[in-house]
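Knowing the structure of chain F, use the given hints to seat chain S on it.
Number of protein chains: 2
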Amino acid sequence: MEFMTGTLEKKTLEIIELTSGEFLNSNVSVNGAVHNIRDMSDIAFLILRKRDGIFQCVLNKTDEKLRDALREISEGATVLVSGKLIENEKAVNGVELHISEIEVLSEPTDTMPIKISKFKMKTSLNAKLDYRPISLRNIRERAKFKIQEGIVRGFRDYLHSQGFTEVHTPKLGAKSAEGGANLFRLEYFHKPAILQQSPQFYKQMMVGVFDRVFEVGPVFRAEKHNTKRHLNEYTSLDFEMGYIDSFYDIMEMETGFIKYTFDLLKKEYAKELKILELEIPEVDKIPTMSFNDAKKAASEKYGHEIKNPYDLEPEEEQLIGKYAKEEFGSDFVFITHYPSKKRPFYAMDDDDDKRFTKSFDLLYKGLEITTGGQRIHDYEELMNKLQKRGMSDEGMEDYLSAFKCGMPPHGGLGIGLERFTMQLLDEENVREATLFPRDLSRLVP
Amino acid sequence: MEFMTGTLEKKTLEIIELTSGEFLNSNVSVNGAVHNIRDMSDIAFLILRKRDGIFQCVLNKTDEKLRDALREISEGATVLVSGKLIENEKAVNGVELHISEIEVLSEPTDTMPIKISKFKMKTSLNAKLDYRPISLRNIRERAKFKIQEGIVRGFRDYLHSQGFTEVHTPKLGAKSAEGGANLFRLEYFHKPAILQQSPQFYKQMMVGVFDRVFEVGPVFRAEKHNTKRHLNEYTSLDFEMGYIDSFYDIMEMETGFIKYTFDLLKKEYAKELKILELEIPEVDKIPTMSFNDAKKAASEKYGHEIKNPYDLEPEEEQLIGKYAKEEFGSDFVFITHYPSKKRPFYAMDDDDDKRFTKSFDLLYKGLEITTGGQRIHDYEELMNKLQKRGMSDEGMEDYLSAFKCGMPPHGGLGIGLERFTMQLLDEENVREATLFPRDLSRLVP
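Just so you know, the sequences run in chain order F and S.
Quick note, the first sequence lines up with residues 1 to 445 if you use this note's numbering.
Quick note, the second sequence lines up with residues 1 to 445 if you use this note's numbering.
Simulated from the structure, these hints should not be mistaken for laboratory data.
Please note: incorrect hints may appear among the correct ones.
[As the list claims (entries may be wrong)] Result set (PhoX-like, lysine-lysine): computed pairs, CA atoms no more than 25 Å apart in a straight line:
(1) S:Lys10 - F:Lys285
(2) S:Lys191 - F:Lys191
(3) F:Lys271 - F:Lys115
[To be verified] Label pairs and their computed distance ranges (CB to CB):
(4) S:Lys224 - F:Arg185: 18 to 28 Å
(5) F:Gly390 - S:Glu428: 42 to 52 Å
(6) S:Glu223 - F:Asp393: 25 to 35 Å
(7) S:Glu9 - F:Pro113: 54 to 64 Å
This structure is a prediction, so every number in the text was calculated from the model and none was measured.
From the three backbone atoms N, C-alpha and C, an ideal C-beta is built for every residue, glycine too.
One chain only, chain F, in its complex shape:
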């Protein structure tokens, strides 16, 4: 009878151990994928790609056995090499392995369709996406998604510290929060079903249960946009919190998340930031401007003509972002009090001027990455708003039941993970910050 004890015997070392000093001049074993081979007359450099970076091994070709082994090794093979760990300040980690033994674990059958061992790939975005399983092996490409991981960790860890509970709500449903447009539809055991555009209804219902909840999950938008900032499936970072005094509480919570996450990135993702040549700025405070003031400020300072008084055009968002940077030195700016007619029925109108709502967007370097606000918590008020909009409450019985049975004042927000990552990385296209993008033309890979 064999038993599992939860302990994996470690026979190979990772870069963090190899560079710790502990194993210098010792015999060690290292595994990895062959990133690159530089074959000289007497020696060859075997550069391994490991999960925590690049590692240099040196192979002495005067050793007949090793010379034979070298012939079998091609880029993309995975190997297990053993030998002495030697200090060498010219090697990328300050150490290198002098190979005494080499075992090929697996071999590729083809050569790489794109050049991934270059530091910066000179490949078009389309080619990168077409060969996604391969292009992501590039050191810079994969570093982007480590940064993305850090953003998600920051979101979860910060909210957990603030008393939020994580939930998992269904993506298949009969009805969605934002109404009928832009929904993917399917048949669910002979019933019509949709894919949720957001966990809005569910997270609100859960405020009645846990007060503060969050969810990280996919959302689906059947929008026919073909732009650099739209995806048809993306990862949404959502939270909703009860017992708020005003919608400014939500903006404070988001500001806290950003500060926490930027600190986390600086602390735990320094290696990836260096690879990507990124500086994470200090975020002490984030300015807020009302929708109307921001519109006016961008128009006056940059001579931009206001065409639509009820919404912000992409160009206006850019100008407001520029304004925030120039006037307040901030990459971020909260835009508050969006017009009611551009917000969903559940948004709470402003007491001072009912044409506007207690809501906000967060712009990051001139792009909207968050929409949030206070929601109506009173059942009668919610029903009135539905009626005023000529909307039916059909299919919303469960959502409305939470309000009938009492709900605290609450609000929340949704952050587009890929957009946030894109702006942090200074990318031009959201697809650069999406592992496997889904857009009008991409359903594979």
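Okay, now just chain S, sitting in the frame of chain F:
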């Protein structure tokens, strides 16, 4: 100009602060939902439901203002109460608040459709699910989902400590890993699409990028099962790891996760475990039995007739679970070497006997909660297996490209979150451990 600094001014206290001793005999403010009112002649007890538990407030009815306020308060209202914090060992937290002021934040319009203030709800599962937004407000019901949160935290935190990277892979696709049956289908901009049954292909491709990856996300199964253990949408805890020596490495990793998670639950979810009257056992080691040995053992010890030599019936899983408990004192047992014909094409066959695979299931109290194993990493071997099964590689070009370009030996597993929770909670039906279940008849709430 207003700035957000990320700091929320706290005017109200949570139970952890109220019971800390720091605020004893001080004037404090507390918010919460009215869980229960016990109205006596001179005083009334106002029991609040807060996110971290139940809290008792006392209202003196001889105070005219408070007596008037009491009239407005019904179960389900949310309130902000202020007053003196007084020691009282008979109160649930050892302290209670003597109300001097009360503000109603929101009021319900209806009475509760089900009795949620009871400690144990005597409601049928169907009624609980029909009124899900309300039934989850019950203290015991919501505690189940805090435990579920703990399992997910344990999974992520443990794997993170083991060098895994978290990924988010698309749920919309053109093709799925397990083939055509049991897929939800939809139209994606005039192209046929499916919802992924598992992130299998994606996590394998990502092994070539990050070596070790995990994902927590929804999976979709259009299975027409109507049982106590099947859902049509559930949350899957998936990981995949490269450079394994054998599939036992995967089982060791899962054992490590379970030990870590049980410790986390004991440490950080003690309150919920107490509410649910649950004891978390020590897990030192998990026994393993081969598929054939386990089948034989259950048959011999319990006189169960073997009907299908290629699969385990639910009754057999139960008997094997019973066997593991009686023989090894373990709630868990790994069943290894499943027959090849019952495993997908990418499963690696056993070198000693090709009719079996290097794969396993984990049974927990007699129910399968995990399927995992080593995958084929060699391109030619993968193509041979496909051909032997008469399968086409159409639509798998991207998946296969990863193998053409080299993949390390690897394997992984998928854990059904709701099933794991169900078994931990000793529930009879997986729907008890699902926030909003999706089954043959439930698409709402």
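Now for the hints, and whether the structure bears them out:
1. S:Lys10 - F:Lys285: 19 Å, holds
2. S:Lys191 - F:Lys191: 21 Å, holds
3. F:Lys271 - F:Lys115: Holds. Lys271 of chain F to Lys115 of chain F sits at ~22 Å (cutoff 25 Å).
4. S:Lys224 - F:Arg185: 18 to 28 Å: 21 Å, holds
5. F:Gly390 - S:Glu428: 42 to 52 Å: 46 Å, holds
6. S:Glu223 - F:Asp393: 25 to 35 Å: Since Glu223 of chain S and Asp393 of chain F have Cβ atoms about 33 Å apart, the given range 25 to 35 Å holds.
7. S:Glu9 - F:Pro113: 54 to 64 Å: 56 Å, holds
Comparing the model with each numbered hint stated earlier shows that all of them hold.
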